[in-house]
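**Student:** Using the sequences and the hints, build the whole thing.
Protein chains in written order, with full-length UniProt numbering: chain F, 1 to 533; chain L, 1 to 309.
Rather than coming from a laboratory, the hints here were simulated on the basis of the structure.
No experiment lies behind these values; they were computed from the predicted model shown.
Mixed in with the good hints, there may be bad ones.
To be verified - Computed Cβ-Cβ distance ranges for the label pairs, DEER-style: (1) L:Phe15 - F:Ser407: 50 to 60 angstroms; (2) L:Phe20 - F:Glu150: 34 to 44 angstroms; (3) F:Gln289 - L:Leu70: 23 to 33 angstroms; (4) F:Val437 - L:Gly172: 34 to 44 angstroms; (5) F:Pro129 - L:Phe20: 28 to 38 angstroms.
Claimed, not checked - One side of the interface only, derived from the structure: several residues of chain L facing chain F at Cβ under 10 angstroms: (6) Leu35; (7) Ala53; (8) Gln84; (9) Ser87; (10) Asn255.
Claimed, not checked - Some chain L residues well away from chain F (every beta-carbon gap over 12 angstroms; in silico): (11) Thr18; (12) Glu88; (13) Ala127; (14) Ala133; (15) Ala203.
All C-beta atoms, glycine included, are put in the ideal place defined by N, C-alpha and C.
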Amino acid sequence: MRVTRSRAAALAVAAIMLSGACGGGSSSDGGGGGKGANAFSVALTEPDHLTPGNTSSDYSITVLDALFETPVSIDAASGKPVMRAAESVNSTDQKVWTIKFKPGQKFSNGEPVTAQSFADSWNATAYGPNGWTNNYYFANIEGYDKLNPEKGDPSTDKMSGLKVVDDTTLEVTLTAPFSQFPITLAYIAFAPMPKAAFSDLKAFDQAPVGNGPFVLDGAWEHNKQIKLKRSASYAGERKAKADEVTLKIYASRDTAWTDLRAGRVDLMTTVPPASTAEAKRLLGDRFVQTPDGTMDYLGFPTFDKRFANADLRKAFSMAIDRQAIVDAVYDGAFKPMASLLAPLVPGYRENACGEACTYDPAKAKALFDQAGGFSGTLNLWFSNADPSYEQWMTAVANQLKQNLGISDIKFRKIPAADYLSTLRQRKEDGPYRNNWVMDYPSPQDYLEYMWGAGNRMGWENKEFDDLIKQANSAPSLDASLPLYQKAEDVALAEMPMIPLWNWQNQIGFTSRLTGVNVTPYSKNLYTISVKQG
Amino acid sequence: MRYAAQRLAQAIPVFFATTFLIYAMVFALPGDPILALAGDKPVPEQVLAVMRARYHLDEPLLVQYGRYMLGVFQGDLGETFTGQPVSELLQDRWAVTAQLALTAWVFELAVGVGLGVLAGLRRGGAADTAVLAGTTFVIAVPVFVVGYTAQIVLGLNLGLFPTAGTDEGWPGSYLLPGMVLGSFGLAYVARLTRTSLVENLRADYVRTATAKGLARRRVIGLHALRNSLIPVVTYLGVDFGNLMAGAVVTEGIFNLPGIGQQVFQSIQLQEGPVVVGVVTLLVMIFILANLAVDLLYGVLDPRIRRARA
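**Tutor:** Below is the structure:
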């Protein structure tokens with residue numbers, strides 16, 4: 001049979017070309033995680049970095065939260081700080097803070113965790129030339145500006161505001177009184193780093209060594225998985241229940257959701273909103289929604305004369321039916337907001353906004369006409385990062401058209417990579433989508449960063465700035481809250497930015513797991529164990 | 001082999017033209033990749049400047065491209081925004097895509113030619129009609145529909161295949177995505193084989209062979225099919241390159257960390273060096289696949305080989 005021979009030859013040639021090109025395609029797979037007796041798996045997106053100072057992405061923090069322990073953490077019920085690696089955080093003037101660390105803590109490589117470990121990590125993060133994402137978290141520590149000069153290289157790599165008093169005491173001097181400082185210490189950027197990290201920061205980023213309840217088990221297999229196992233040296237309160245956790249990396253949430261249904265991954269902390277109904281039906285009480293700190297707003301370019309009138313901005317707010325949009329676009333999963341703060345933030349008031357955030361087309365129209373109305377084209381700005389943005393913007397446009405009679409509305413959909421630079425350069429000439437992901441649960445994290453000096457809207461208000469300053473230097477956390485609320489009232493009265501809705505996290509898990517306790521502040525992987533039998 | 005060398009030499013200008021074009025296109029994308037990395041958070045100018053300098057984004061296009069090419073010739077493909085060397089990344093991902101494409105390709109070849117022969121021999125019969133209808137359907141339905149359906153039905157509901165990931169290794173994890181990826185090409189291969197075979201069966205030389213008293217098996221196998229496979233091989237050769245590139249959708253659905261997924265992510269992040277690295281590899285594959293096709297012509301039809309000698 002000559003024919004078969006030449007066909008075989010054809011295949012052989014192709015096979016040779018291939019094997020020459022790909023150089024052996026077989027990769028050894030360790031088998032799916034989460035199959036062992038006390039091991040489970042979690043769906044994750046590929047982290048960008050695993051250095052605490054160099055990432056602000058949720059997926060990276062999921063890993064780092066298991067590997068590291070920050071000085072304090074946030075109590076999910078009250079939103080207030082509780083001590084973790086620190087024993088106490090105190091100040092008499094809100095400017096000079098003394099942090100006492102618990103003695104006897106160790107990194108997983110055996111090195112003791114000292115005040116110096118924290119100072120080293122913070123200095124590295126604040127050091128401009130490192131180019132780390134969380135750099136700005138340290139901007140209010142004295143000496144930060146020397147590490148980040150306007151021009152040229154910094155003359156020092158240590159902040160003068162950090163003083164290591166002894167092995168367990170760190171004294172931090174801020175540039176101005178800041179009552180919220182203890183809360184900020186819960187953020188991952190404030191985790192310590194061992195001495196070994198600094199000889200090769202790049203290697204550390206691939207294989208971080210922390211002081212938390214878990215340690216890495218093998219190398220970070222990019223785009224595939226990260227395996228963790230219980231830390232043998234950890235002596236804190238978050239002792240891990242499970243022996244092993246495999247963080248399986250997915251490029252698409254939909255695929256992860258399919259895998260959860262097939263029982264190939266045990267926990268998913270971001271069930272796609274489109275699958276909400278299905279998840280409720282399939283998982284029952286293994287589908288949980290928790291509040292999130294993330295908010296969506298509609299901002300105004302107040303530097304543009306056409307949007308300079310506060311009544312006009314309020315009329316927009318009253319013409320938008322938030323509940324209808326949330327129901328239509330997010331299947332009711334998100335929460336309509338009448339406050340600038342997310343509900344989980346201490347100091348949140350459910351109806352801080354009052355009438356101005358209540359849907360009332362008649363009053364909206366009256367206020368709109370009284371403010372002189374709007375002529376010309378109304379451009380609505382948003383990025384193409386998520387298809388739901390266009391959906392809700394379309395709903396907003398329809399409501400503005402219907403309720404205020406603005407007929408000429410156009411969408412300005414910007415590529416995601418270009419959106420923020422567009423806003424930064426103030427190129428927008430109409431209302432735009434503004435999103436805020438909470439760093440730490442303090443009204444200051446919302447108000448000062450978004451309405452404070454140099455804000456995107458170009459809004460200026462001295463009373464607001466003064467109130468923030470007073471709140472920042474208030475003698476205690478509790479004393480600061482009423483002052484932040486007053487500042488919020490000022491911002492709401494002027495309405496340079498309309499609150500829209502608050503995001504919710506959607507969590508789903510398989511029946512193998514017990515003790516799932518995902519909060520807005522931590523995935524708490526250490527509390528999870530696998531059901532026996 | 002002079003012919004082969006000549007073809008390879010042609011690849012050099014193609015290499016430079018393609019890489020420069022891709023580099024320029026990524027460079028021309030709107031937006032600031034470094035600022036986009038930071039998300040909604042404020043980033044001090046100093047940090048932005050450090051990052052821009054690290055990736056040479058503050059320099060003109062030609063300088064960036066020159067730097068990149070210099071690096072390439074020293075074996076350095078640059079690094080991603082997260083600090084991973086591109087060469088390492090491509091090595092990992094390359095294996096995944098090659099396994100996927102090879103699975104799809106073998107599927108196309110074996111099942112496609114098989115169905116084509118079946119349909120061609122029973123022209124007008126039930127099998128022929130079934131193949132025609134089936135392939136029309138496959139060509140008409142977008143890959144992602146086929147992919148998600150196969151994943152839900154065959155993977156999740158029937159549990160015949162893993163739903164996603166590479167846990168099971170090759171072939172387990174690659175069978176279902178390979179079939180999805182190969183389904184489009186399979187339809188083409190089947191139809192090409194069928195049409196070509198039908199034509200050849202009517203040709204004079206087949207009639208002569210039959211008249212000489214050769215067994216039908218030999219007539220079809222040795223004479224008709226051999227000639228019929230020339231257009232099929234052309235298609236399969238070009239298609240191997242297509243498969244590599246077309247893996248974007250399939251890899252996304254089945255969560256295979258291959259080249260396709262990487263290209264998609266890198267374009268979103270505007271990571272020029274990664275995109276150029278991947279595309280350069282794809283160009284090389286196209287060139288090699290076409291070369292393989294040309295060489296195969298000679299095997300299938302000696303006239304082509306002799307014409308060149």
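**Student:** Now look at each hint and say whether the structure bears it out.
**Tutor:** For each hint, the structure was consulted:
1. L:Phe15 - F:Ser407: 50 to 60 angstroms: With a Cβ separation near 55 angstroms, L:Phe15 and F:Ser407 satisfy 50 to 60 angstroms, so the hint holds.
2. L:Phe20 - F:Glu150: 34 to 44 angstroms: holds, 36 angstroms
3. F:Gln289 - L:Leu70: 23 to 33 angstroms: Between F:Gln289 and L:Leu70, where Cβ atoms are some 53 angstroms apart, the hint is violated.
4. F:Val437 - L:Gly172: 34 to 44 angstroms: holds, 39 angstroms
5. F:Pro129 - L:Phe20: 28 to 38 angstroms: holds, 32 angstroms
6. Leu35: holds, 5 angstroms
7. Ala53: holds, 9 angstroms
8. Gln84: Since chain F brings a Cβ to about 7 angstroms from L:Gln84, closer than 10 angstroms, the hint holds.
9. Ser87: At about 13 angstroms, which exceeds the 10 angstroms cut-off, the nearest Cβ of chain F leaves the hint on L:Ser87 violated.
10. Asn255: holds, 5 angstroms
11. Thr18: Non-interface label stands for L:Thr18: nearest chain F Cβ at 17 angstroms, farther than 12 angstroms.
12. Glu88: violated, 9 angstroms
13. Ala127: holds, 21 angstroms
14. Ala133: About 27 angstroms separates L:Ala133 from the closest Cβ of chain F, which puts it past 12 angstroms; holds.
15. Ala203: Consistent with the label, L:Ala203 stays out of reach of chain F, its closest Cβ about 16 angstroms off (over 12 angstroms).
Of the numbered hints listed earlier, those contradicted by the structure are 3, 9 and 12.
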